[in-house]
Amino acid sequence: MNLPEALVSSVGWGLWAYWLLIALMMVGLYIVIARDNLIKKVMGLNIFQAAAILFYVTMAKVEGGTAPIVPAGADHAGGHGGHEIVYSNPLPHVLMLTAIVVGVATTALALALAVRIHGDYGTSEEDEAVVYDMEHG
Amino acid sequence: MKPPSRVRQMPILRVIARALVPVILLFGLYVQFHGDFGPGGGFQAGVIFAAGLIIFALTFGAETLRQVVPVVLTERLMAAGVLLYGAVGVVAMFLGGEFLNYSALDPLTTGHYGQHLGIIVIELGVGIAVAATIMRVYYAFVGRRTDEDRTGADPALDAGAGGEAS
Amino acid sequence: MIEKILVLEVVLPLLAAPVCVLVRHPRFCRLFSLGVVAACFAIAVALLVEVRGGGVISYQLGGWPPPLGIEYRVSTINAYLLALVTAMALVVFSFDSRGGPPRVPEQRRHLYYAVFLLCISGLLGIAITGDAFNIFVFLEISSLSSYILVSLGGHRRAVMSAFYYLVMGTIGGVFFMLGVGLLYQATGTLNLRDIAARLEPSLDDRGTVLALALLVVGISIKLAVFPLHHWLPNAYSFAPPKVSAFLAATATKVSFYLLAMVLFTIFGAPFVFEELRLQAVLLPLSILAMFLASGAAIFQTDLRRLLAYSSVAQIGYMTLGLSTANATGLAGGLVHLFNHAVMKGGLFLVVACLLYRVGSVHIDALAGIGRRMPLTSAALVIGGLSLIGVPGTVGFVSKWYLVSGVLERGWTAAAVLILLSSLLALVYVGKVVEVVYFRKPAETQPIDHVREAPLGMLAPAWVLAAAAVFFGLTTDWTYGVAREAAELLLAGGI
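Chains as they are written, first to last, in this note's numbering: chain A, -8 to 128; chain B, 1201 to 1366; chain U, 55 to 548.
Just chain A, with the same shape it has in the complex:
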């Protein structure tokens, strides 16, 4: 094992994909918590969801795997011309299709609520809305 490899394995950089998406997730969560603007909160929520979706997609990748479509002429065992074909796992992608739809529905609803809040409070800023509530009951 050479030095870079040792470095990689000691910090767990071999799991770089996980580090990346945890970072992404925290970015999203931070925006949701720290920003007062409701639209930005929705964006943060979207980033948060995207990280979870990426997690599933990363999981689905099989090293050396191709798209999970059986080529014409392949036999039922999955072999093609004598050697086995390795496929990536399609299931997580299917699941994420559903999760994306859920995400779209959530975003649409959140934006609609934000529009409504803007109409009622005259602002899209959470802190200003809180002040408005304190003044008007």
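Calculated directly from the structure, the hints in this document are not laboratory data.
Since this is a predicted model, take the numbers as computed values, not measurements.
We treat Cβ as the ideally placed atom computed from N, Cα and C, and that holds for glycine.
Treat the hints with care, as some may be off.
[Stated by the list, open to error] One-sided and incomplete, this derived list gives chain A residues near chain B with beta-carbon spacing under 10 Å:
hint: 1; residue: A14
hint: 2; residue: A58
hint: 3; residue: I60
hint: 4; residue: T89
hint: 5; residue: V92
hint: 6; residue: V95
hint: 7; residue: A96
hint: 8; residue: L102
hint: 9; residue: V106
[To be verified] Here's a subset of chain U near chain A, in silico, CB distances under 8 Å, partners left out:
hint: 10; residue: L85
hint: 11; residue: L88
hint: 12; residue: T224
hint: 13; residue: I225
hint: 14; residue: L232
Let chain A serve as the given structure and place chains B and U on it in line with the hints.
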């Protein structure tokens, strides 16, 4: 009346949109029906189809699109798509299979014909519902004026119910 | 027969929603959804009768056998939840709210019914399905529709509360999804029983522990376990009263089932409660919820807010039952699902009656209402007594078994704390009863015009109040089923 926006006066945009929209719609249909043999399917097709129409609305105005696809129609299609999906399941139940068991749709032959039929109808339902939902969401946001805030359209309900249905 | 049409439990409300959207006639939608809910209730009761005594009904969606396909699996605990949700939905739908929520004009009322049906469908789906990702989908269907329903309360703060609820709920949902993903990574399957069979949880396996953490936190947000309950008081106090009644009676209950199922079925009691010792967190949080939320309820001046805070405290009792991890305590927690649904549902319906006649449920506006609306106020008193846990009401039954379970575990201090927290309930219920019956109405707010609530409102509220007494005296049905469900959970099955 609002003055026509600058976008709508730009000839380049109008020409390109006029050329692109039919292609996008056609591609949407291709993705819909090719989903049986390869990558594709109702979700993607529905979104592409709706995107084509939304591009049309962005260049020629949402009012123009409303004449082609009225708001009520999108609401109806949204529900009809979901019902079409559910109907396949219920029909399968009546034919003696489980809910959504496509094989029960074709009790006579032993092949995969029932599966084919089932998935095509199901995906059609999904496609219609998704396209209508995306359009409805677009209408809900674009048709909003500030003076409607209290009395008029209710985007929270519309957008939410639409998103849900998909 | 019943095993052939089991799937209709979820499919009926799911397909009734688009039918409502297509027909658009408010009166039709109201009666149609009532009929659909009644049919669901009938199916749920038939299922409960069928599986009592350890039976299991499995349904393969689309004819794909599990673990590959989605399996709907009904045992005693699922049937119990289904019956609870549909019964509450039936009562709430039969409540005649005279014109629906304030923010929905008549020409859009059909969408309100559609969303309500979707919410029911989602909750029933969570309770019935045996597939982890399917649970996530139904969880989001029910959550998204609850956000919409909450936002329809007349006050502008209803929309803001719905937005908070949405943010919190979505974070919870994503946590749940990540947890399911980690479980899938560890086991390669999404079928709950298959996951349970393949998973060998150990503290050294960080992936599994992380999955447990994500699932527990995610569900706890939706369940409003004590420090994560912030969305609940606002959502319940600004939602339309009918919606509050329905959500308070069902949504948190289904989340509780989900939490119990994750802990006992997937991970197993030995790992969670002996190796990991989750009760070291769950027990203190439950007790804090009981005291702090009850304490907060005492200081509320709005009856709806008071009830909402009391809900957070009652969830504390349920999770307390969960953390005992023995049959008596767990059965106490499970029976409290039903008992709390009955009393809190009834109380929120009483709130709806009061709002309709008085126009406000601020505590000062209710002074002297006891004479003008005797029947409504009596239902309020019965619900209140049940919250305290007076013998002869359902609240007593739950607390009796909770205390027995806690004592069985040897936690004497916790048992004493349960009894002490009941005193707090006595304070906040006493405060309301005192105002309603003994305080003179303020000069500025004459109540001479106030009459008894109409029958269409009073009857559903009284059905629940009567149930609170009936099931407080006869415990065979409720506790019998809950005990069976608890033993099933402890044995690791669903």
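Hints the structure violates: just list their numbers, smallest first. Hints 1, 10, 11 are the ones this structure does not satisfy, whereas the remaining hints hold.
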